[in-house]
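Colleague: Quick note: the sequence shown uses UniProt numbering, first residue 1, plus one each step.
Because the hints were derived from the structure by calculation, they are not lab data.
Please note that a few of the clues may not be correct.
In silico SDA-like links for lysine to any residue, alpha-carbon gap of 20 Å or less [said to hold, decoys possible]:
1. K147 / C262
2. K224 / T188
3. K256 / T266
4. K30 / E238
5. K277 / R160
6. K275 / N155
7. K213 / I53
8. K213 / S68
9. K251 / D166
10. K279 / I269
11. K120 / S273
12. K26 / F175
13. K119 / I269
14. K200 / S65
15. K26 / K85
16. K268 / E255
17. K159 / S108
18. K241 / L284
19. K279 / R160
20. K26 / E88
21. K85 / S45
22. K256 / I115
23. K85 / D34
24. K268 / S108
25. K279 / T245
26. K148 / I158
27. K177 / K239
28. K119 / E109
29. K60 / I194
30. K148 / K256
31. K149 / L263
32. K275 / Y111
33. K149 / G258
34. K200 / Y211
35. K239 / K283
36. K63 / H195
37. K251 / N172
38. K60 / V47
39. K30 / N220
These figures come from a predicted structure and were not determined experimentally.
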Amino acid sequence: MSYEKSTRGSRSKKTWVQILQSNMNKQDMKTIQDLLDLSTSKIPSTVPEFMTIYTIKDDKWEKESELSSVQAIFSQIHFHCREFKEGETITDMFDLSEGIYNYSSKVSESYDDMIVVTKKWHETFRGQYLTSEGEKNSKDDIINDCKKKFESWINDEIKRVSQFCDECERLNSIFKKFSQIIKDDWETGLKPIIHIIEKKFQKSSKSRKNYPKQLQLTINDLAKSVSDSSLVLQPISEKWKTFSTDLENIKATLEKIGEPRCLLPTRKIHLESIKNKWKGLNKLSLELYSLLYYFVVEKE
Numbered sequence: 001m002s003y004e005k006s007t008r009g010s011r012s013k014k015t016w017v018q019i020l021q022s023n024m025n026k027q028d029m030k031t032i033q034d035l036l037d038l039s040t041s042k043i044p045s046t047v048p049e050f051m052t053i054y055t056i057k058d059d060k061w062e063k064e065s066e067l068s069s070v071q072a073i074f075s076q077i078h079f080h081c082r083e084f085k086e087g088e089t090i091t092d093m094f095d096l097s098e099g100i101y102n103y104s105s106k107v108s109e110s111y112d113d114m115i116v117v118t119k120k121w122h123e124t125f126r127g128q129y130l131t132s133e134g135e136k137n138s139k140d141d142i143i144n145d146c147k148k149k150f151e152s153w154i155n156d157e158i159k160r161v162s163q164f165c166d167e168c169e170r171l172n173s174i175f176k177k178f179s180q181i182i183k184d185d186w187e188t189g190l191k192p193i194i195h196i197i198e199k200k201f202q203k204s205s206k207s208r209k210n211y212p213k214q215l216q217l218t219i220n221d222l223a224k225s226v227s228d229s230s231l232v233l234q235p236i237s238e239k240w241k242t243f244s245t246d247l248e249n250i251k252a253t254l255e256k257i258g259e260p261r262c263l264l265p266t267r268k269i270h271l272e273s274i275k276n277k278w279k280g281l282n283k284l285s286l287e288l289y290s291l292l293y294y295f296v297v298e299k300e
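Model the full assembly from the supplied sequences, consistent with the hints where possible.
Modeller: Below, the structure written as structure tokens:
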């Protein structure tokens with residue numbers, strides 16, 4: 001799905017969106033970026049690679065069972081992050097939030113037009129509409145014209161919002177799943193094995209020597225990266241869920257006023273309500289856009 005873009009063209013200049021960004025936004029996205037880079041390019045994902053990089057001989061591999069546990073969680077995190085990175089989910093989230101921001105920035109005029117059409121339709125139906133000088137259309141002609149304009153607009157709007165909803169829900173599902181996976185990788189994977197290794201080190205100084213220095217450093221780096229990322233991903237996931245829910249609410253209301261049995265005064269009220277909801281989405285989409293900006297644009 002393509003979206004209207006207006007702000008990505010000039011990446012070398014300091015744009016308004018960079019001013020909106022806080023240092024926290026940049027740090028949050030850098031935390032995720034560092035995890036993806038570390039896990040997909042700097043840690044071994046297979047047993048042979050693991051043994052080669054950390055100079056582990058077969059006898060040590062057999063004696064130190066924790067080594068296989070470390071390798072297994074390395075491989076698991078590598079796979080999860082590679083799958084997420086290759087899916088370009090964050091780039092798609094950035095594009096969608098930008099598209100919705102651009103659309104919601106100009107949609108008020110469209111809703112105002114339909115409010116006028118609906119009011120004219122209702123007043124004509126009740127015999128209250130005063131034709132302007134030179135207007136020769138009959139009451140039925142005016143009603144049919146209003147009906148045609150509204151039906152064409154509502155069908156296009158429902159289609160557009162449905163596309164936004166489908167893409168938003170797809171990305172919400174992927175991001176939420178990844179957020180939970182990273183949390184589990186930390187809490188039930190890496191954290192327990194680190195605890196086991198540290199406990200073993202306390203018992204014997206010789207045990208510490210069985211773990212190559214480079215492996216210890218990698219474990220420490222990965223532990224910090226996974227732990228920090230699990231904390232960063234959760235609030236982003238929750239904000240994106242709000243984004244998805246707000247879009248679904250707009251879609252549901254549009255479908256409601258698109259039904260033939262919906263009363264004209266009710267349509268007018270709902271059109272005003274949806275227009276205000278778009279204002280809220282405009283603010284939220286800008287927050288998400290500026291948050292994701294570092295990951296997608298500034299890192300290039």
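Colleague: For each hint, tell me whether it holds in the structure or not.
Modeller: Evaluated hints:
1. Annotation: proposed proximity of K147 to C262 holds, straight-line Cα distance about 13 Å (limit 20 Å).
2. This hinted pair checks out: K224 and T188 have alpha carbons roughly 15 Å apart, not beyond 20 Å.
3. For the given pair, K256 sits about 10 Å from T266 by alpha-carbon distance, which is consistent with the 20 Å threshold.
4. Taking the CA atoms of K30 and E238, the gap is about 19 Å. The hint holds against a cut of 20 Å.
5. Using a Cα cut-off of 20 Å, the hinted pair K277 and R160 holds, with the two alpha carbons roughly 16 Å apart.
6. The hinted pair formed by K275 and N155 meets the criterion: a straight-line CA distance of about 17 Å does not exceed 20 Å.
7. Distance restraint check for K213 and I53: the Cα-Cα separation of roughly 11 Å lies within the 20 Å cut-off, and the hinted pair is therefore satisfied.
8. This hinted pair checks out: K213 and S68 have alpha carbons roughly 17 Å apart, not beyond 20 Å.
9. Simply put, K251 and D166 have alpha-carbon atoms about 11 Å apart, close enough for the 20 Å limit, and the pair holds.
10. With a CA separation close to 16 Å, the supplied pair K279 and I269 stays within the 20 Å bound.
11. The hinted pair formed by K120 and S273 meets the criterion: a straight-line CA distance of about 19 Å does not exceed 20 Å.
12. The straight-line distance between the Cα atoms of K26 and F175 is roughly 18 Å, inside the 20 Å bound, and the hint therefore holds.
13. Using a Cα cut-off of 20 Å, the hinted pair K119 and I269 holds, with the two alpha carbons roughly 10 Å apart.
14. Simply put, K200 and S65 have alpha-carbon atoms about 12 Å apart, close enough for the 20 Å limit, and the pair holds.
15. Distance hint between K26 and K85 is fulfilled; the C-alpha atoms sit about 18 Å from each other, no more than 20 Å.
16. For the hint linking K268 to E255, the alpha-carbon distance of about 14 Å falls within 20 Å, and the restraint holds.
17. Between K159 and S108 the CA atoms are separated by roughly 17 Å; this keeps the pair inside 20 Å, and the hint holds.
18. This hinted pair checks out: K241 and L284 have alpha carbons roughly 11 Å apart, not beyond 20 Å.
19. Proximity of K279 to R160 is assessed by CA-CA distance (about 17 Å); at most 20 Å being required, the pair is judged to hold.
20. Restraint check: the Cα-Cα separation between K26 and E88 comes to about 18 Å, which is no more than 20 Å; the hinted pair holds.
21. Taking the CA atoms of K85 and S45, the gap is near 15 Å; set against the 20 Å cutoff, the hint holds.
22. Taking the CA atoms of K256 and I115, the gap is about 16 Å. The hint holds against a cut of 20 Å.
23. With a CA separation close to 12 Å, the supplied pair K85 and D34 stays within the 20 Å bound.
24. A hinted pair counts as satisfied when its Cα atoms are at most 20 Å apart, and K268 with S108 qualifies at roughly 14 Å.
25. Restraint check: the Cα-Cα separation between K279 and T245 comes to about 15 Å, which is no more than 20 Å; the hinted pair holds.
26. Using a Cα cut-off of 20 Å, the hinted pair K148 and I158 holds, with the two alpha carbons roughly 16 Å apart.
27. Of the supplied pair hints, the one linking K177 and K239 holds, its CA atoms being roughly 14 Å apart against a limit of 20 Å.
28. Among the hinted pairs, K119 with E109 is consistent with the structure: their alpha-carbon atoms are about 15 Å apart, no more than 20 Å.
29. With a CA separation close to 18 Å, the supplied pair K60 and I194 stays within the 20 Å bound.
30. Restraint check for K148 and K256: satisfied, since their Cα atoms lie roughly 17 Å apart, inside the 20 Å limit.
31. Of the pairs offered as hints, the one joining K149 and L263 holds, with about 16 Å between alpha carbons and a cut-off of 20 Å not exceeded.
32. Under the criterion of a C-alpha separation no larger than 20 Å, the hint pairing K275 with Y111 is consistent with the structure, at around 6 Å.
33. A threshold of 20 Å between alpha carbons decides the hint, and for K149 with G258 the separation of about 12 Å falls inside it, so the pair holds.
34. Distance hint between K200 and Y211 is fulfilled; the C-alpha atoms sit about 11 Å from each other, no more than 20 Å.
35. Proximity of K239 to K283 is assessed by CA-CA distance (about 12 Å); at most 20 Å being required, the pair is judged to hold.
36. Between K63 and H195 the CA atoms are separated by roughly 19 Å; this keeps the pair inside 20 Å, and the hint holds.
37. Restraint check for K251 and N172: satisfied, since their Cα atoms lie roughly 17 Å apart, inside the 20 Å limit.
38. For the hint linking K60 to V47, the alpha-carbon distance of about 13 Å falls within 20 Å, and the restraint holds.
39. A hinted pair counts as satisfied when its Cα atoms are at most 20 Å apart, and K30 with N220 qualifies at roughly 18 Å.
Violation of the numbered hints given earlier is absent; every hint is satisfied by the structure.
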